[in-house]
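Given chain A, put chain B in place with the hints provided.
Protein chains in written order, with full-length UniProt numbering: chain A, 1 to 1039; chain B, 1 to 472.
Quick caveat, the hints were computed from the structure, so don't treat them as lab data.
The C-beta atom is built at its ideal place from N, Cα and C for all residues, glycine as well.
Some hints could be false.
[As the list claims (entries may be wrong)] These stretches of chain B come out as covered by chain A in the derived footprint (C-beta under 8 Å, 3 or more residues):
1. 178-192
2. 196-208
3. 400-407
4. 451-463
[Claimed, not checked] Examples of chain A residues lying across from chain B (beta carbon under 7 Å, computed):
5. S295
6. S450
7. S455
8. S459
9. T607
10. G683
11. L699
12. N701
13. T702
14. V704
15. L705
16. S758
17. I764
18. F830
19. S868
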Amino acid sequence: MRTKVTWILTPLLVLLMSFSYGQEKTITGNVTDHEGLTLPGVTVLVVGTTTGTQTDFDGNYTIKASVGQVLRYSYIGQKTTERKVGSSSTISLQMEEDAEALEEVVVVAYGSQKKKSIVGSVTSLGVEEIGNQQLTTVTSAIQGTVAGVNVITSGGQPGSNPTIRIRGVGSINASSDPLIILDGVPFNGNINSISGDQIESMNILKDASSTALYGSRAANGVILITTKKGSYNSESKITVTAVSGFSTPAVSLHERIGNDDMMRYSWEAERNKNIYVSGQSAADAGVNASQSLISNLGYNPYNVAQPVDQNGNLVAGAASQWETDWEDAMLRSAAQRNEYTVSISGGGESSRFFLSANYLNQEGAVRESDFERFTTRLNVESSVKDWLTVGLNTSLSTSKQQFPTQSGSNFQSSYQWIYSMSSIYPLYRRNEAGGLVLDNLGNRIYDYGSTPGQSVNGSRPLLGNENAVGSLFNYDDVNKRTNATVNGFAKIKFSDNLSFKTNLSYENYLFDSNSYDAYDVGVAASVGGRVAQDRDITTTFNFTNSLNYDKTFGDHSIQGTAIFEAYKLKVDALGAQGTGFLPGVKVLNGSTLPEGVSGFVNEDRITSYLGRLAYSYKDKYFIEGSYRRDGSSRFSEDTRWGNFFSIGGSWVISDEGFLANSNTINLLKLRSSYGELGNASTGSYFPYLQGFETGNNELENTGVLLGDVTDPNLTWENQAIFNVGLDFSLLNDRLDGTLEYYSKESIDLIYTKPLPISTGNSGITTNVGSIKNSGYELSLAGRIIQTNNVTWSVGVNASVNKNEITELTQDEFITGTKKWKEGKSLYDFFIQDWAGVDSADGYGMWYKDVLDTEGNPTGERETTKDYSEATRYYQGSSLPDVTGGLTTDLKVGGFDFNMLFNFSVGAQIYDSSYAGLMDGFSRPGYTASPDVASRWTQPGDVTDVPLLLNSQNDFNGTSTRFLFDNDYVRLRALTIGYTLPKDIVGKASLDNVRLYLRGDNLFTWQSHKGIDPEQSLAGTTDSRSSLLKTVSLGLNVQF
Amino acid sequence: MKNYIKTGFLSLLCASSFIFVGCSEDYLNDPQPTEIVAESVIFGSRTGVEAFLSGIARRARGQFSSVDAAGVNSIYFARTLKGNDLIHARSWWGFDYDNDNREPTYRRTSFSWEFPYYMINQLNACINGVETSELSEVDKSELIGQARALRGFYYFQLALEFQEGYTSSNRDLPAPPIYTELSTEGKPMGTLGELYDFIVEDLTTAISSLSEDRLGKSYVNVNVANGILARVYLAMSNWDGAEDAANAAYGGNVAAVLDPDSYGNGFDDISNVEWIWGNPQTGDQSNYYYNAPSAFVDPINPAYNNIYINEFFANEFTATDARNTFTYGTATDFTKVTSTKFVFAFSSDIVLMRTAEMILIEAEAKFRQGDEIGARDLMFELQSNRDPMAVKSTNTGSALEEEILLERRKELYGEYGVEWFDAKRLQRGIVRTPNHRIVKTLEPNDKRFYLKIPQVEIDANENIDDSVNSGR
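Excised from the complex, chain A in its bound form (with noise of 0.2 Å):
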């Protein structure tokens, strides 16, 4: 047993001083390597102190230590070499190459194992891939760059995390996100208070042999997060990187009409009703038109009272007093973007660090949306003794968002309004003649379209007693979120084939939302504004232990490990809202009278026993099998023990005699696994319970409703998976590549299955049906140009995946626009086929089935203006047919330039944007697409366009009408970068500085144009903010 000192948490201390020893001199050299090429960055340490330094780039270093004293030289992918001080001050050495180190160690489930072991899928996303993107949300990196993985990013708010979908989606009802596990850890915070920074690797487990062991929560796949640690044997290093930039959206908005369109076609809207719907005379209806235009609008942006004549013009010297520009007023033209890190890694001889600290500030494209975050980590690892190495990762991440609503129909929701609210209606607000009306201190007032008593310009008729604009001033929603990790290992090594480790962490998320409605204008108004306040605090604690054991002899290896693990999730909720506040109050102290108060427990606890057994011969022939037996309290204790397992061999064709010496086959490996899963993410945390809900109170008195039907007898849904891949590298390692077929039958989906609504429940969450995913993927990378001063790499991958329904316990669903059917996927859509416009009279038609006179269809087709007539059918997917990325790499001299696509093929998209553009006036103050302009105005028009009728129609009734193709490439992230030369940044003491511009979504190629082409996975709408396309300026200094 040694006996230096190590303290855990002061590592920085000890790293940081020197000890001295007497008779110190200076001693120089050159190191190279196997094949006597100058080595750069070799670490040289005075062993049993902390002296060290690097080689520099032509392979020389200089470092002062005593005659007697050893120094140890270490390079990955070198034997670590040591020599003993002498009386020369010159020590120069050739390092030998370590073929055991250069095989890749890849973090696995519970542990790590050799890359050329793995049997299942993995894959790895590195320190290069995470740092070449402005993430601010970390799994966002993986879009473009993971074979197999859809990931649909979520609009323009930062912050907010993107949906990530491993092979296709499995599940209906039960969650189909993917398990987070942070170094080691079930990770239940928000994934956006993880810096890029701190992350060493992000490693995505796709197959059954690599997840098996999550168990009941593996069947989505599984993200493993490993943070970065410091090395062994280091010198300390201090990073700084700052970046700042600006961002727009990254596409544009569909356009809209002006006033002068929106009053002249508004007019039409309205005569057209009075003749065919009314039955007047074209006189008439004209006249009746122009008369009631302005009752209709509620607002007159002109001059004169009755700005449109009864031949549907504008009168002469009609000028707009006001035309709103809604996306310039709600959007900004350029959110900062700033970001700064310092990091601090090293290590000695029995201990290692991570220290970092990061912070964020980045503004979304609506107006006052923002994310600021502080994140700040420290992972420390000590060799105690011999057989006793201890660590401790904590991290502490605190941000705030203000989050105003940027999708669905609330009023204020931002992008809903700039496609809702036509031009004719004023900012600010406006009196009878078009006068602005100011306040006392003769300041504009924002127009809420609710100004009782004024007929005109005083009432709206869309979007009443609202102005989301002023919405985004008036009115705060602010996420805050803390989050504070604590995950802490030992490890006993009993002998060097056995050891034991214990592994306990604690998580606790704080989520506090906090939103203030004005108290004078607005949806509060009349109660003196309201605060509304969630505290919830998640707290998740987990406890593994396992044995593990790892023997070689001879050709033989086994590796064995068995863990018994306990975990526990608990959401601690608090609510208040209260009314009545004094201007600048916006704390629920200040609150007049109490509005609610709501609060709950849930909790979630698994039990799990597992273990994974693993041979290989001659590292030749691998196999290994994992199982894992969960119990969870989501289900009752008839049913809530499940058992999964996998089994995987791989085949390493390439070290067999006859591939042995082979140069232009360098690796081939075929692999193979097949498992089975489960999924247990409910919705509700006792999905299997019906009860008495409460907080129905009626005044004083209590009152409780009884919750849905559910069934007692609810369970884990299942997934069977099968993989199997090539793993490829030809041509002198020139050419690497995987190709993989899955398959994967999710069994027993936990889904609400519709029920009718008369029952007085709409659905009941039970196990039913089945759904397969299945699919190819390929991922290629090149290096195409290595010399010393020129390299340049290309990778590519696609996949391809096919979603079909199995089976379903009754014949058909039908869910929104979708259709679900055995044989069919999840997302083909299902929805009216449109038929065009009857030249005749300027309707909408739709094609339905002609029926026999038993009511079968015929297999004919007929045409019907009556919408609900219509027949559904089957009309594309959301699903794109092939996914995936491109990437380029090229480095030249100090020069790097890099560039990231990621593209989709083969997807549709139902845009209810776009459908609400078309809506023909139907609804009086809606604002319209520039494509109306190609409506039908008289009979034998020939056009797509319906009449224009103010009128309720079905003419932009769901149907193909709105759905569109959507394929796009997306210039996902692109680096131009340049690192000083090293003799010039080694005079100022630094080891290497790089500035770089960098661009992220600058360019999208878009089938559909008008709206984000990621929106959901369904291929539907919500009025979403756009992703944003940012520009930014970095530099990276390190000493």
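Frame of chain A, contents of chain B only:
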């Protein structure tokens, strides 16, 4: 030494693991839901059942699915706007005003079907739970009585919304199915006759077991149950039954149950002596802007302010009538007249049933049975209460009928769709005056008096297919 430490560690950790293993079933049983209450608590005491009935009362004024699909008030207000007396200008309720909000996929259609059935399922659970409980027979009878009266009420709404008005000759028409217990299977359509028989049975049974006692005016007592029955009998042309039930609902003493001075106070206070039944609201228990009619009809307090009064209708009121709450503006179109009958605030209560309606039902029932004198006398009691200058009617026959029906509209406009209800049950049709924004005429028994069956029901119910809507 080293080995001792290691062995010690190992034993300790293994031991702690095994302790965990031993406890794991307890560990998993420990979490229990905190937001729901077990059935045994609810049906274990009268207080528990009353909490259930309170929740049901609260849901009647909730925010079920949308601004125009909130609760009972939304069904009522949609009926109101189908008539001639009020004019819709813009925003919410436009399609109801247009009388074409009835297609299978529309929100009105699915809401008017789903909401009553949601409530019926709750009431079935209540009735069946109380029946099998250990409560005393007295408690059982009273509690079940309340629930059955409400169940009758909601089935009555379904009958009105999804089929023609009832006549003795159309009892075989398809009508919404009847459920009396929890079911996960959809039932086929029943008949209109069965449905009305069921409603009457529920209500008459309830009346026999209820007293005037109740927890508050949003709960059902014998008066409310009689009031509902009076409306049902009116819809069934059972004049004799309607007369008795209406009289029992208001108690028979006209003077004691009217308060003309409060008519102009805004219809926002459930404690008004004229209110038999209503939904109370407070600042912290409100359906906010979902409060039809007041959030829409009130022309002053900021809300939707989008409903106007037909000038011709307003002109029917004398200046001295307490019910004359109209303001004539300068506009020359349909936006000329507004009414302050309903005042909007988050705490405005919602009216569901008033004594004046019962008095007029009794008067009409007398007329229908040939007692014109009794009808005129009773109606005059109300008329003179509202307007001190009122002159007693000398009308007879159809003129008297028209006068009664007009009096009903004058008294009850905006409250529960009285004009639509009368037009429907009497097969009269609705004719709009030309000053309307949308001039549409509903012929007697027009299909637009009822809705199609919602598509979501058809899609999920194996016993109802698309053909249910053919001819609707």
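Hint-by-hint comparison with the structure:
1. 178-192: n = 7 at 8 Å, threshold three: holds.
2. 196-208: It is violated, with 0 qualifying residues against the three required.
3. 400-407: violated (count 0)
4. 451-463: holds (count 9)
5. S295: Constraint on A:S295 satisfied, holds at 5 Å.
6. S450: Holds. Min distance 5 Å.
7. S455: With Cβ-Cβ at 6 Å, under 7 Å, it holds.
8. S459: Since chain B brings a Cβ to about 6 Å from A:S459, closer than 7 Å, the hint holds.
9. T607: 4 Å, holds
10. G683: 13 Å, violated
11. L699: Holds. Min distance 6 Å.
12. N701: 4 Å, holds
13. T702: 5 Å, holds
14. V704: 5 Å, holds
15. L705: Holds: closest Cβ of chain B sits about 4 Å from A:L705, inside 7 Å.
16. S758: With a minimum Cβ separation of about 5 Å from chain B (threshold 7 Å), the hint on A:S758 holds.
17. I764: 6 Å, holds
18. F830: Where the cut-off is 7 Å and the nearest Cβ of chain B is about 11 Å from A:F830, the hint is violated.
19. S868: 5 Å, holds
Going through the hint list in order, the structure does not satisfy hints 2, 3, 10 and 18.
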